[in-house]
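Chemist: Can you make the complete structure from the sequences, with help from the hints?
Protein sequences, first through last, are from chains A and B. Its first residue numbered 1, the first sequence is counted upward by one per residue in the working numbering. Its first residue numbered 1001, the second sequence is counted upward by one per residue in the working numbering.
If you are wondering where the hints come from, they were derived from the structure by calculation, not from laboratory data. The model shown is predicted, which means the values in this text are computed figures rather than measured ones. Fair warning: there could be bad hints in the mix.
To be verified - Footprint (simulated), chain A over chain B, 3 or more residues, beta carbon under 8 Å:
id	segment
1	1194 to 1203
2	1217 to 1229
3	1293 to 1302
Just so it is clear, CB atoms sit at the ideal spot from N, CA and C, and this is done for glycine as well.
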Amino acid sequence: MTDAATLPAVRPPLLKVENLKTYLHLKRGVVRAVDGVDLEVAEGETLGIVGESGSGKTMTSLSMLRLLPKPSGRIVEGSITLDGTDLVKLSEAEMARDWRGQRISMVSQDPLTSLNPVYSIGDQVGAPFRYHNLAKGRGAVRKAVEAVLARVRIPSPAKRIDDYPHQFSGGMRQRVVTAMAIACSPRLLIADEPTSALDVTIQVQMMELFRELQRDSGVGIIMITHDLGVAAGICHRVAVMYAGRVVESGDVREIFRHPVHPYTRGLLNSIPHLGRKRRRLEAIAGQPPSLIDPPKGCRFAARCPQRMARCDDYPPQFEVSTGHQAACWLAEPRP
Amino acid sequence: MLSYILRRVMHGVVSIIGASMLIFVISRMSGDPIVLLLPVDAPQSAIDAMRETMGLDRPIWMQYLIFAGKALTGDFGNSYRWQMPALNLVLDRLPATIELALSALLFSIMLAVPLGVLSAVNRGGWIDTVGKGFAMLGQAMPGFWVGLLLILVFSVHLNWLPAFGAGGVSHIILPAIALGWYPVAAQTRIIRSAMLDVLDSDYIRMGRALGAPERLLVWKYAFRNAAVPLVTVLGVYFASMLGGAFVVEVIFAWPGLGRTVVEAVFARDFPVVQAGVLFTSVLFVVSNLLVDLSYGLIDPRIRHG
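Modeler: Written out as structure tokens, the structure is:
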């Protein structure tokens, strides 16, 4: 485990998500994509949100940016407090003008499709500066763009600023996307599977870059991933999501060493370990439940090898150890 | 890029040669011009003599070679009817047709682009519904009928615009609308679907996440990507307008090439038909070449490719 996994000293939370419920109102019914999620991210901290596709991790991040699919997506309950402001209460105009790209930003999944093919890198990386009036005039914007390209370690930025996305490799494009996201020095950066489309060697470089950027600026990072390896490599804390809820959260080492929730254990058992004695990888049997009409009790119960009668009631978040919580009856403190 | 252009020019030359052969053969299948040129009771000897002087007694392939050889030197023969070089006649009328086709194209773009973009942005909203209705109306109404309606409303009843002839800007408005009406529908649909695709892309989502004003996202970052399919059809539409202009030219008495060629066909005035069609096909090839070149301006991937 690397130094990234050491928990930073206790700081006031930069971001606090409380009881967030985001529903998608579709024709076939209301999908409870995010159904009562609590999260916290401190300054300079990286929180990993881990879960399989459909677990609600992307919807959670889109809720924070207030960029839910229109017109179906809506935040129906809860609060998202960033730097003391509840983003849920802001108007769309305020979000666009003062928050998105400026204080909260995003690195999207696929670097190959996240850049506009018909505009130069300089134009695109310079755009956030222009949107938020942080650099005025052509020369100032260009200087700022070169500086931010240098920060994401793009070699000879002055020469490459007029190049187009297709002239960059996948890894370099992800650096450009990252440059756009950090251009205005945001307080919180959401990275949605930022490395899943890249080669493994490039993945490592990208994670190193995120770590450097965080060390220099103290940005809080939410790393959304289905890859526990990525989470282990870069996150301080992780929150495991299943079917729209956080089932277990805590310090990354604690979660990896002492997973409590059977779903977390299932996830950990399904990754191969090099060097260990070869044994069968265990897949978690079954499918996640429909979020249109989710079961009343524990949502993992139908797939859970340790199912009990009590699982018909939804378990509260039990404190397993300091900062380590699990929503599972197995974690209930014994009297 | 240069070799690409050269290749396209070569294709164009082949197309033009093919078009000239086709029109040469087809026009001669339409009948004998001498019957129209000489009085009905002309003796057979006079007809034969006339045919020989005009070279129409030779085999058709020989006639074509003579025509092609002379055409290369700029000699398209004299109009049977007007007794002046066919080339002069065509070149005299060509600018009016190009002017009309370009104006019609401009009109259709000016209507289709905002309609298509706004329909995509407000998908399912009232603009989208109006746009769809408009598109249907456009395709259902033939150009000549639109032309007559326009004359009826704007010239006869309102007396705002002249009904026929060429002159200032006011003269071209009605024929341009009549000619540009039809493609509006198809162009609107193309822009709408291209915009829908682009607006759903990751880079537009990324732009939103960075706080881009919606107006800028739509009209700058999305539209340029959506313009590629539009430009593709613009070349085709410009060419079809050149060809289709004759109906509108006849209705509005527009002194263009289309009308001249139609009159020449009826008079079996072969040199004029040949020269007219040949120049139309040259324009067709040139406009498609310009479209190909303009991709590079819009999309850097093509420029560097």
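Chemist: Each of the hints needs a verdict: does it hold here or not?
Modeler: Tested hints:
Here's how the segment 1194 to 1203 of chain B fares: 3 of its residues keep a CB closer than 8 Å to some CB of chain A, so the rule of at least three is met and the hint holds. Under the rule that three or more residues need a Cβ within less than 8 Å of chain A, the assignment of the segment 1217 to 1229 of chain B holds, with 3 such residues. Against chain A, the segment 1293 to 1302 of chain B contributes 4 residues with a C-beta closer than 8 Å to a partner C-beta. That satisfies the three-residue criterion, and the hint holds.
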